[in-house]
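**Student:** Kindly generate the complete structure, drawing on both the sequences and the hints.
So the chains spell out like this:
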Amino acid sequence: MFEPIKVSLESLNLVTLAPMLIAIAGGLVILVLDLINSKLHKSLYVMLTILLLVVDFGATIGLNVNERGFFDVMLIDGISIISQLLIIVASILFTPLALTSKRFHEYSYPEFFALFLFMVAGFQFMVASDNLILIFVGLETASLSLYTLIALHNRSNSYEAAVKYFTMGALAAGFFAMGAAVVYALTGSIELYQVAQVLSARLGETGIMAAIFGSSVLLMVTLAFKLSLFPFHTWAPDVYEGASAPLAGYMAIVPKIAAFVVAIRIFGMYLDLGIEWVRVMILILAIVTMTLANVMALVQEDVKRMLAYSSISHAGFIMAALALDTTEGTTSIFLYYALFMFTNLGAFAMLWISRHKVRRFDARYDHPFSKFAGLVQIMPMGAVIMALFMLSLAGVPPFSVFWGKIYVMQAAVNAGYVWLAIVMGLNAAIAAYYYLKLVVYMFLKDPVKDVDTVYYNLSKPLMVVIGFAAVTTIAAIFYVQPLVSYLYYMISASGY
Amino acid sequence: MDNILSVLIFFPAIAGLLGFVVDKKSARAYGITVAAIEFLLSLWLWFSFDTGNAGMQFVEMIPLIPDFGVNYYLGVDGISLFIILMTTLMTLIGMVSMSIEKDVKNMIITLLFLEMTMVGVFVALDAIVFYLFWELSLVPMLYIVGAWGGPLRVYAAIKFFLYTFMGSLVMLVGMLFVAYVYHSLTGVWSFAITDWYALVLPVNYQLWLFAAFFLGFAIKVPMFPFHTWLPYAHGQAPTIGSVILAAVLLKMGTYGFVRFSLPMFPDASVMMITPIAVLSIIMIIYTAMVAYAQKDMKQVIAYSSVSHMGIIMIGIFAMNSEGIGGSVFQMLSHGIVSGALFMLVGIIYDRRHTKLMSEFGGLAAVMPKYAVIFGIMLMASVGLPLTIGFVGEFLVLLGFYEISPVMTILAGTSIILGAVYMLSVFKKSFFGPVTKEENKNLKDLTAKETWSLVPLVAIVIWLGVYPKPVLDPINKSVNAMLVFMEEKAITAEAKDIIKVPQSATTVGEVK
Amino acid sequence: MEGLVYIALFAPFASSLFAALFGMSERKIFVGVVASVLLAISFVASAMLAFYVYGTGHAVHVTMMDWINAGDLRIPFGFVVDQVSVTMMTVVTLVSTIVHIYSIGYMDHDKSFNRFFSYLSAFVFSMMVLVMSDNFAGLFIGWEGVGVCSWLLVGFWYHKPDVSREENPSISPSWAANEAFIMNRIADLGMLIGLFILYWNVGSLQYDEVFAAVPFLDGTVLNAAALALFIGAMGKSAQFPLHTWLTDAMEGPTPVSALIHAATMVTAGVFLVIRANPLFSLTPEVSYFIAALGTFVAFFAASMALVNRDLKRIIAFSTLSQLGYMFAAAGLGAYWIALFHLAAHAFFKALLFLGAGNVMHAMHDELDIFKMGGLKKVMKWTYLYMGIASLALAGIPFFAGFFSKDAIIETAWNEGTIVLWAILVVTAGMTAFYSFRQVFLTFEGDERYKQYGIHPHEMYRYVLIAMSPLAVLAVVAGFGMEGFEHFVTKLLPDYHMSEHTHHIAWILGLVVLVFAVGGIALAYKKYYHGLKRDEKLENSWYYKLLANQYYIPVLYEEFISKPYAMISDAMWNKVDMKIVDATVDGIAKFLYKTGDETRKMQTGNLSNYLNWMAVGAVLFLVVAAISAAAIG
Amino acid sequence: MIGLSHYLIVSAILFSIGLMGVLRRRNLLMLFFATEVMLNAVNIAFAAISHYYNDLTGQMFAFFIIAIAASEVAVGLGILIVLYKKHGSLDLDDLATMRG
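Protein chains in written order, with my numbering: chain X, 1 to 496; chain R, 497 to 1007; chain C, 1008 to 1639; chain S, 1640 to 1739.
Do not rely on the hints blindly, as some may be mistaken.
As the list claims (entries may be wrong) - The calculated lysine-lysine pairs, modelled on DSSO-like cross-linking and capped at a C-alpha distance of 27 Å, are:
{"hint": "1", "chain 1": "C", "residue 1": "K1035", "chain 2": "R", "residue 2": "K865"}
{"hint": "2", "chain 1": "C", "residue 1": "K1167", "chain 2": "R", "residue 2": "K865"}
{"hint": "3", "chain 1": "R", "residue 1": "K791", "chain 2": "C", "residue 2": "K1585"}
{"hint": "4", "chain 1": "C", "residue 1": "K1167", "chain 2": "R", "residue 2": "K932"}
What the hints contain is simulated information worked out from the structure, not anything from laboratory work. Note that the coordinates shown come from a computational prediction; the quantities given were computed from them, not determined experimentally.
**Tutor:** Given below as structure tokens:
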């Protein structure tokens, strides 16, 4: 009757799982360490985390392209590798930000680092599979860790942020699950490659479109929520504001990379099937998002909120590349994030070093523009670097984000969407205003108070991180070429 | 030295970086020295420039992003050579004459970076590198206007930045599209302008691309109706900012038309002659009138800049060697003359802290040297023969006459209207009795001011009397461009209108 | 000979630079002396060239260097000394030399003495470039150069404030200077267009090439070119309607008026027409227009001179009138006669102005002839000079003006343009009248100046001596007419009266003479014995019309200057600020406003956020449905 | 005979009820329950479809969803508790300090 289940280790191809396992194991090790000695300093955890992430990085980069493993649920194709690498690099950059000169409560908990590593593993799972279950599990693992991390910041705002994010995330999870159910109902499978096969065979059937409608809309809602696309972006400004600055910067990148990979897998499949209205949907979503987020960012009084809207707008910008469904378009998504990552983390890190325990400038905001007024007089180097990040975000060449922008626009032009490129260009011009606003405050205004504490939170590790971000922002022109060719190779190898 | 262009670009930048270390009190001397060395380097460029060669010289090419076709590709020809010289000269003179007291060191460093971007724009032969420097030049200017400007400085600076930025992003899309077309035709990615020149585009593509590039360049020029950022920028900028803005930054726009629009889209350019000429004429007449209505001396010169840029524009679209060569020459002339005029206004502003003409009157008696130099620059500005201003204006109008006599007459009103507003400035400020008590004891030019203005006066007269050393290389490159445009043009109309001078076809000095 | 050309040309330039060296220092007599000597050198060189050209009949042609080379355009600094230009050179340098010497005396109290010489010599240099150039572009250099020098010199006393038109019709020196410059610029545009027409049809701007090519050009092209060039000439020579600047230019120091606004610069227009005679002789319509306009201006200007009270303005009007004569001659094809009148006029008009300068010097810058009278007692020599000059101007036999003006009037008859002839004859009578009205009111009759407490004195002796060559020439120049004709018609087309005209020449001459003598007699009767003012006449509308220059300056002010200023203001405040700029700012504001509105969806309330998600999902469905329906 | 479509309809209705709950409820706790309802609606669907296809994947998915729902509650409630400690209220309308 029952065949004994034979599982050979070879066929499991556990190597594909290794990166996530390293992260998870690392998290557990940290917890165990805490059990053994609860008096350990946070710097130990930070270094441990970095080390683990480096090992993780090594394990990921060593993976062979286009392999499957662990009952074929793991899919190690090009985009899964590069997205994991990006996630890990961003995480490595993020971790040292814990080593501030002022003591922030959350970092003294080892749980913070354990959760962080679990979250990384979650994102890695999310990108390294085309199985909806695993994607869902990865998504939720990561999200739940993330909610907790936000709440750990231990301020009234961060609880509010966590609750908002959590509730909306839960709703989104419901949508995702329902979407998966519809897909399952349609095709009898939740493996995307099988789904694609079944769908392409059944595409001509009457009534199938309605079901595809259902599934794609439901899945799209979830991903749009994760990617903070309009009108599902509402959580983003509040959560960014409530979360600690590094985490906000991190949230603007890593979850979005992971979500983009899922979006590429799912909607790339729909687009490949020739379902054109998905493309229209994505384009509208992208344009509305980048434009409205831009105009909302114009009127912000708080730098962090402004950056939140700006990262929404950037997400919209990149979303447009998804609609192109070309290798270049997909490459541009990763290139953009790879370049955006450093600048954005740098910018949030700059906010982080100016973080005060009490709000000294404004009753409502932590980082009002006026806080940065005349920064060049107080902290010239900091002002210059921050301005650099702002200009980079605005897309001024030769700083890093410019190359991402130009690549996205080139991809749009190549795919025949010249108008889209123009819309992107105009949006970049609008966006320049609010980035400039900060530059203007820093360079052209006088300080509001004799505030000697703007760099209150500065420490050597932070300087290193910011310096690294600054260097990568400036020197982008020199590494764009290898980056592009690596990304392009990986992506075309995995067939996108 | 084959890589002199790189040296020209990066010398000021590196000097700017090192400048952070220099002590505040020595910053000025440091800046002037660096700018002087840079100027000498550019002179060296001129001397080692082969005037017999119409093509690109001192070409440097280093792949930057080969997959994407982006190369660090530089070169200089007769058209860009002198604009580079003017850039380095005006930076040097601007620094020498600078009267800023506040944050001199920052200003010097900013200027050095600005110089890098300006030189970069004019030597770049790769569209992306060009765009890079083009955009980057906004940043130091933003800072100069915003940090040292007048009461509305932030508004003016942001307006300047965003307006130009917006236009150039559309231009960027145009560039990307050209690259795409190039790729689809040849299978190779390239942003090299020289490669793009070889591209024969269908007319409707040309028109769209022309429009995209037009937006970028026209805002920079600034063409009517995109000119309104300019009066604010000039009105608020410190003297040095206005000098550089008028002398060099505006030239980027017209240079762009010569470097990109004409040779890349000859047919579209020919089709667009009339619309552009109409805009330019509106620009010439309208802004001349607006200039006349101004009460602020600096605003007059700001608007007069717009008006003169109209002349340059119309010359570019004359599609013959006289007109285009004249335009390029007029760029230099306008750069030097308007730069000098802004410096002059700055000098009186330093003394009286006002630029309103009603505050002056009778200055000629109080400050005779100042009045003389102002007078010379004024005459150059209204295009008096034997000053630099005449040569370009004359050639432009002469060239455009071939396209349309009527429009030439309308554009030619520039010489009348220019005289009207400039003479009215002179009369209001310099003539009449000295009515204001504060003006009675104004100091005439100091040695510093004199020595920064005298070289400009010398150039104004030298190039007015003997423009040949400058005009010949320009002419050679322009002729080569025209030959090439005519070959490339696909419509009969364009072939008809683009006029290659006989001397260029017979002598066969075309590469 | 080339050396002489350069000496003639650059000596004034050297003089100008030398004087400019001391431009800002106090008065130094040697500056004036050096300048005068250099000018004299220039004159000598010109005279030697004249002899050379006269002797050999060859023109001297030198090309100094290239100026502008662009495309097919080649403009050299080339100079040609032929019969026409050498005449002009000699006249210009002679008058200039005298004016320079004169100025040493006249300007001796002015603190800007050195500056004055610098400007004056610069003017001579420009004028020399103008007449000597071998191409139109070079001519244009000089053309603009004299314009600038005129601007500098008219506005020489720039410190004077603006006053109302009633007080001083020219408002102020600086105002007059600007007016002159701008009016000339209007004409210069015409001139430039003329150059462009020639260039694009001929391919060159060299005189010889252009004139060789014009016979093969299309009629309309020629007409257009001729008309455009003539518009240029109208500005420089202050022909109607661009004439108002000339009388206002009298705000400049009197030597300037003598040199620039009588003898040389204003005749540049005539010179241009003479120079370009191959072109103008091919365009009869334009030429006739020139003649008609010239005749009109001759009469028009004379009529205004009849009632004017300003010593210098009267002479200015007479200059204008005589320029009309010259244009009439040139327009009728009698180019050499025009040139001859130009030369003769230069002598006696300069003399007249310098005489007026003496009077001004004596009267402490008082110019109203109603306030003068009886000056002959203290200013014998000046009276003599001005008398001679006025006789010459009036065309009294055997003075210079007689020959030249008579020839012009004769030409008008000869061409069969009887109307022009009649007007010119009447004008001759008017000329005689106003010239002597002025002379008598100034020098004869009661000494009205005494009531103003003025103590006039005669000019310095050396100045008077310096003026003597002009006086001599004003008397004898006419006798050189035949030799002159012989000389210049080697280059210019000869013009002979027809047989018929020749026969009745003495009758025609007599008619003119009757008018001239009649004019003098009338002036004698009315003004010799002192000023008797006729209130009724002075209040009549035609007197007022003339006295106010037909209200043309006011009209220009009301209908051109003021509307221009108004429109300019509107362009700035209304169009530029309210429309163009407001649109740009409007877009920015719109975006900002949109942002403000949109951010309201960010209520902070989680429930709203969740609703937005649901709304988004519904919107997705709608969009998907619509696009699916549209695309399929 | 109760077929697949009945299950699916039930599932859809439940999902809608859950969704309405999420949209309408003002109390955070109720909101959480509503999301649980939604997830369970999906579970019904999965189970039914799984049965229909005779494929175990759906049931597996359902199990995972149950697990995830549980952990969601764990985390969510944790956050709610600290929030309640800080704010003393679980009403959504009190939770709007960050806006704009």
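**Student:** Each hint needs a verdict: does it hold in this structure or not?
**Tutor:** To see whether the hints hold, each was checked on the structure:
Taking the CA atoms of K1035/C and K865/R, the gap is about 19 Å. The hint holds against a cut of 27 Å. Of the pairs offered as hints, the one joining K1167/C and K865/R holds, with about 20 Å between alpha carbons and a cut-off of 27 Å not exceeded. Using a Cα cut-off of 27 Å, the hinted pair K791/R and K1585/C holds, with the two alpha carbons roughly 18 Å apart. Distance hint between K1167/C and K932/R is fulfilled; the C-alpha atoms sit about 15 Å from each other, no more than 27 Å.
The earlier numbered hints are all upheld by this structure, with none contradicted.
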